[in-house]
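Sequences listed follow chains A and B, in order. Numbering (our numbering) for the first sequence: 1 to 586. Numbering (our numbering) for the second sequence: 1 to 573.
Misleading hints may appear alongside valid ones.
Anything over 10 angstroms on all C-beta distances counts as not near chain A; from chain B, calculated [stated by the list, open to error]:
1) Pro155
2) Ala195
3) Asn220
4) His241
5) Leu242
6) Asp247
7) Asp301
8) Ile361
9) Gln452
10) Ser454
11) Glu471
12) Pro503
13) Met538
No more than 30 angstroms apart at the CA atoms, straight line, and that leaves these computed lysine-lysine pairs for DSSO-like [unchecked claim]:
14) A:Lys574 - B:Lys344
15) A:Lys418 - A:Lys479
16) B:Lys342 - A:Lys537
17) B:Lys554 - A:Lys479
18) A:Lys51 - A:Lys131
19) A:Lys158 - B:Lys554
20) A:Lys502 - B:Lys344
21) A:Lys574 - B:Lys20
22) A:Lys179 - B:Lys20
23) B:Lys422 - B:Lys344
24) A:Lys537 - B:Lys568
25) A:Lys155 - B:Lys20
26) A:Lys508 - B:Lys568
27) B:Lys344 - A:Lys527
28) A:Lys502 - B:Lys20
29) B:Lys489 - A:Lys574
30) A:Lys502 - B:Lys568
31) A:Lys508 - B:Lys422
Read the hints as simulated data drawn from the structure, not as lab findings. Note that the coordinates shown come from a computational prediction; the quantities given were computed from them, not determined experimentally. For each residue, glycine too, the CB sits at the ideal point set by N, CA and C.
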Amino acid sequence: MVSAPPTPRDIQVLSVGADTLMFRSRSWTRLKFEVEYALQRGTTSNSFLIKGDRVALRSLPGESFTELFLEQLQQVIFPAELDYVILGHINPNRFATLLKLLQLAPHLIVVCSNPGAVTLRALLESAAKDKDNPQTIPEPEIYVVKGQETLDLGKGHKLQLIPTPTPRWPDGICAYDPKTAILYSDKFFGAHVAGEQVYDDGGKLFEVDRKYYYDCLMATQISQVEIALERLAPWSTSAQIYAPVNGPLLRRGALEIFQNYQAWNRQQATQPLSVALLYASAYGNTAILSQAIAHGITKAGVAVETINCEHATPEDIREAIGRTQGFIIGSPTLGGHAPTPIQTALGIILATAEKSKLAGVFGSYGWSGEAIDLLEEKLKNAGYTFGFAPIRVKFTPSDAILQQCEEAGIDFAQALKKAKKVKQIARPLATPVEQAVGRLVGSLSVVTAQRGDATGAMVASWISQASFNPPGLTVAVAKDRALESLLYPGDAFVLNLLEEGKHIPLMKHFLKPFGPGEDRFVGIETKSAQNGLPILKEALVYLECRVQSRMDCGDHWLVYCAAEAGDVFTPSAKTAVHYRTSGTHY
Amino acid sequence: MVQAPIKTNRLTVQAEIIAKNTTALRSLDWDRDRFDIEFGLQNGTTYNSFLIQGDQTALIDTSHAKFHQLYLELVRGQIDPATIEYLIISHTEPDHSALVPDILALAPHVTVVASKMALQFLKDMVHKPFAQRAVKGGDQLDLGQGHILEFIPAPNLHWPDTMFTHDQATGILFTCDAFGMHYCDERLFDEDLHAIENDYRFYYECLMAPNARSVVNALNRMEPFETNTIATGHGPLIRIHLEEMVDRYRRWSQEQSQATTTVAIFYTSDYGYSDRLSQAIAQGIIKANVAAELVDLRATDLSEVQEIMSRVSGVVIGTPPTTGPSAQEAQAALGVILANVKEKQAFGIYEAFGDEDEPIIPLVGRFTSLSLTAGFPAIRVQSQPTASTYKLCEESGTDLAQWLTRDKTIQQMKATDVNLDKAMGRLAGGLYIITAQKGDVQSAMLASWVSQASFTPLGLSIAVAKDRAIEALMQVGDTFVLNILEEGKYAPLMRHFLQRFGPGEDRFVGVETLQAENGSPILKEALAFLECRVASRMETPDHWLVYSVVEEGKVSNPEGLTAVHHRKVGNHY
Chain A
1 MVSAPPTPRD IQVLSVGADT LMFRSRSWTR LKFEVEYALQ RGTTSNSFLI KGDRVALRSL
61 PGESFTELFL EQLQQVIFPA ELDYVILGHI NPNRFATLLK LLQLAPHLIV VCSNPGAVTL
121 RALLESAAKD KDNPQTIPEP EIYVVKGQET LDLGKGHKLQ LIPTPTPRWP DGICAYDPKT
181 AILYSDKFFG AHVAGEQVYD DGGKLFEVDR KYYYDCLMAT QISQVEIALE RLAPWSTSAQ
241 IYAPVNGPLL RRGALEIFQN YQAWNRQQAT QPLSVALLYA SAYGNTAILS QAIAHGITKA
301 GVAVETINCE HATPEDIREA IGRTQGFIIG SPTLGGHAPT PIQTALGIIL ATAEKSKLAG
361 VFGSYGWSGE AIDLLEEKLK NAGYTFGFAP IRVKFTPSDA ILQQCEEAGI DFAQALKKAK
421 KVKQIARPLA TPVEQAVGRL VGSLSVVTAQ RGDATGAMVA SWISQASFNP PGLTVAVAKD
481 RALESLLYPG DAFVLNLLEE GKHIPLMKHF LKPFGPGEDR FVGIETKSAQ NGLPILKEAL
541 VYLECRVQSR MDCGDHWLVY CAAEAGDVFT PSAKTAVHYR TSGTHY
Chain B
1 MVQAPIKTNR LTVQAEIIAK NTTALRSLDW DRDRFDIEFG LQNGTTYNSF LIQGDQTALI
61 DTSHAKFHQL YLELVRGQID PATIEYLIIS HTEPDHSALV PDILALAPHV TVVASKMALQ
121 FLKDMVHKPF AQRAVKGGDQ LDLGQGHILE FIPAPNLHWP DTMFTHDQAT GILFTCDAFG
181 MHYCDERLFD EDLHAIENDY RFYYECLMAP NARSVVNALN RMEPFETNTI ATGHGPLIRI
241 HLEEMVDRYR RWSQEQSQAT TTVAIFYTSD YGYSDRLSQA IAQGIIKANV AAELVDLRAT
301 DLSEVQEIMS RVSGVVIGTP PTTGPSAQEA QAALGVILAN VKEKQAFGIY EAFGDEDEPI
361 IPLVGRFTSL SLTAGFPAIR VQSQPTASTY KLCEESGTDL AQWLTRDKTI QQMKATDVNL
421 DKAMGRLAGG LYIITAQKGD VQSAMLASWV SQASFTPLGL SIAVAKDRAI EALMQVGDTF
481 VLNILEEGKY APLMRHFLQR FGPGEDRFVG VETLQAENGS PILKEALAFL ECRVASRMET
541 PDHWLVYSVV EEGKVSNPEG LTAVHHRKVG NHY
């Protein structure tokens, strides 16, 4: 990864249409450890000020921008002149900014959906009770958007409000302004990228980031995304600009991204197996874990239906359990217990889920994780089989924990596939064409990669040189490999070529099954490459590589990278070559 | 891409309103019947003409001669041709202007509006007096109802006399060859970028890249005009991905103009096959990372020829006509070229196959007597060019370019970090021979940068240098055979395919082959063969990574092992 510039966070203010200003709050470095930020390109939180005869503010940045944002806002408007603030995602982080804003503009009307209003009232109440931090708590008027409604700001800005609830953002709300032809698309079509670039100019520049954002946040809630797309469809073609709350705005790729979302949804919908992922989250940590697990499951070709138990009805939960072949349940521990929505969900599972369904349990906690023990015990006693060992995370997750969750997700999906025999029917003999493909040979190697405190290693023989200048090579990596997420453009890794005659022990070591998050390098001698990654001392050659680009090749990615440094340890020895008789296995 | 069975060519026409008072008249040519390099992707093409009906009516361009009846009927269906006041000719290449005489006959009062040079060329095509108005950059033509047309010169895109037309009322820019592509489909606009981007790029490389400087000039000139649609002469109109597509032209052209070595290719437009053959040679030069500049002998200032000669490293000339309308200009330009050559320059000559060719042997003699080095043997064209003629031209261009850059290549090899270079060398691969056949063109190449890339579908990746002749036969949809060589038996085959083949030379003389189902040769002495179809490609600085799906295959000797290629350094194959 290109190291992030040491730029402090800042806010870019610019006009994006008639009477419309955008505030791009830019974080250059990763805010927190969540799968969605794993590409480490920073992000922006986009807010918009629309000045008709009445003035509306759309979206607010989080707490780390509160001071900066209010300062910038007051450069262009007196807060008292604001009439509405339209919020699609209310959480404690954004609430901090809202609270300060309300103190400056007490007459501000908060426009949000019903789940948003519930969260907001709860947050206002707990702020009023907060003895450590006594302050004046305003009592703003809350306007609850019930269905598709119009909010007329005058001067042609007849905002069409479109509620788009999803499990992850039950309070999601989009808006279309016919005057500027801007579709405020909330989380949809977003990307986590910070930079100078405001729009999606430059073709495929942000394509990888946008797909990654979809994979992390949307792929696990496709039925709600589908409904949202249907609601947005009437404006999808007339809109000149799509304005998501994260990352660059879309103008040239607008229609294309809409079509891509539909296509990606279809792809998920046609997976033969699916898993229900139920969770509730107190401080967002359990939600973060659920996202990482879900990412691993979808990567391995199994669909995920995410259910936020706080906002789902028992009926929703029952139906989802009935539709899917496995379930995973995650819970925080509050005062030594699982919260009520989780207990309800557990009850439904125990009452209705067939014993053949694969189960999984995870959660985060502060002092003790009784909720996780409870879930594990009840499910075990009921006779369910677990797809991975229960995951317990104390406080907030780190890179290594996210990777562990992702690997657990992959294991779960593979166990499910095995159980349901979706894997190709075993054929006793390879066909002539498979035998012929088996005659393609390659050098044996171990790829070692690292990001933050997450490390990975994999045996690879589908490798080849690919360019002279710069010296470059390709590695083919299966889409459902955990290591795949460490091989995005900009990532560094080491390719260790193995030595003929000495390769067996290393191969054996790295081919054995590892548990999620297990250290792959125990008992292996390594040293650090210039890029900080592990070099295997017993290898013949090491090459320090940096990923340049990737091509979609069926069930694999072909990863092209430039070699930046390298050396041969034993000049007299030969590279180990991998001979096979069938192209159906590595 | 499915190989179309041989059948009569399908021709259809289409008229659709694209903006206020503006209709696109498209002639759809579904099947390829030309072997010019520019049609290499075999997706057919369209010839687009446009009708603007303000208070006065103007027709922009016409169509290819093969659409004679269909096109004239289409026009009649829209309007009484006698009421057309202006016929705007963006350039005089026959595929857009062949039906000009017919329109003149149907519309006796029409005034032909074109650049001065285009009018000159037209005179030789029509052979009859006609009302005309010569326009230059900045001139306007008011058709009423806001349709103020302004003309923008865009010479060499891709003909010397090209000009764009901009309509103020609709924001449409009519560009004819520029921004076009050979892609036939009923969809009027560029809705599906993925479907068309290969064709867009390929067309650019064939027709525009050899004039990259002119492209940049034209892009700058069109910038002040507010444009929402580019109405091209070939393929879909550009509207939905307008900025993106224009951007790509700029980016590619800037990349081209960064090359430090340039070869000038002199040809005579509208004479024999001079134009098409020169494009094929240019294509081969560009592949080897050398810039090519196409220069029309009948339309370039002598002082400009002199300037070009002073900065190029190589010169390629198509035999110019000795008599006929362009003979005088062409001969004068040839004189200036000969007067300005330098000893260090490399040269190459090809026959244009017009009726009045300057004899090729004496012409070659004049260059060798001036101590220039021949970059490739003279290309004799004794009959109408076929696919293999164009292939020969392309390979000749690559040979010339590689000769020019040989020192630089060696320098680059030496510049790499020694340890890294040794480490790269340890990436061992198998030994393979790729054989491909497309129409009457065959090619073969030794390869070892090959690896399996997927299980479902069974697929593999191959890295192919951009300047390899076989690269042109490995476009998306093409088929080929990968022959896997056997340990202990590979030496004779390897030696055979490593010899230096002349451009167009048959690679399979003395080698036993069978024909695969996809038509490519299978080497009988190989251990195994795989029939492959190219699914996608990814670019690296000097190679294309080609991902192909394996459709068929067999091992001939189950006991045999694949031959392996161990190296000590990574700066050669």
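Hint check results:
| no. | hint | verdict |
| --- | --- | --- |
| 1 | Pro155 | holds (28 angstroms) |
| 2 | Ala195 | holds (12 angstroms) |
| 3 | Asn220 | holds (18 angstroms) |
| 4 | His241 | violated (6 angstroms) |
| 5 | Leu242 | violated (8 angstroms) |
| 6 | Asp247 | violated (7 angstroms) |
| 7 | Asp301 | holds (37 angstroms) |
| 8 | Ile361 | holds (39 angstroms) |
| 9 | Gln452 | violated (5 angstroms) |
| 10 | Ser454 | violated (4 angstroms) |
| 11 | Glu471 | holds (14 angstroms) |
| 12 | Pro503 | holds (23 angstroms) |
| 13 | Met538 | violated (4 angstroms) |
| 14 | A:Lys574 - B:Lys344 | violated (45 angstroms) |
| 15 | A:Lys418 - A:Lys479 | holds (18 angstroms) |
| 16 | B:Lys342 - A:Lys537 | violated (57 angstroms) |
| 17 | B:Lys554 - A:Lys479 | holds (28 angstroms) |
| 18 | A:Lys51 - A:Lys131 | violated (38 angstroms) |
| 19 | A:Lys158 - B:Lys554 | violated (67 angstroms) |
| 20 | A:Lys502 - B:Lys344 | violated (54 angstroms) |
| 21 | A:Lys574 - B:Lys20 | violated (71 angstroms) |
| 22 | A:Lys179 - B:Lys20 | holds (23 angstroms) |
| 23 | B:Lys422 - B:Lys344 | violated (35 angstroms) |
| 24 | A:Lys537 - B:Lys568 | holds (20 angstroms) |
| 25 | A:Lys155 - B:Lys20 | holds (28 angstroms) |
| 26 | A:Lys508 - B:Lys568 | holds (27 angstroms) |
| 27 | B:Lys344 - A:Lys527 | violated (53 angstroms) |
| 28 | A:Lys502 - B:Lys20 | violated (75 angstroms) |
| 29 | B:Lys489 - A:Lys574 | holds (21 angstroms) |
| 30 | A:Lys502 - B:Lys568 | holds (19 angstroms) |
| 31 | A:Lys508 - B:Lys422 | holds (27 angstroms) |
The structure does not agree with the numbered hints 4, 5, 6, 9, 10, 13, 14, 16, 18, 19, 20, 21, 23, 27 and 28 stated previously, though it agrees with the rest.
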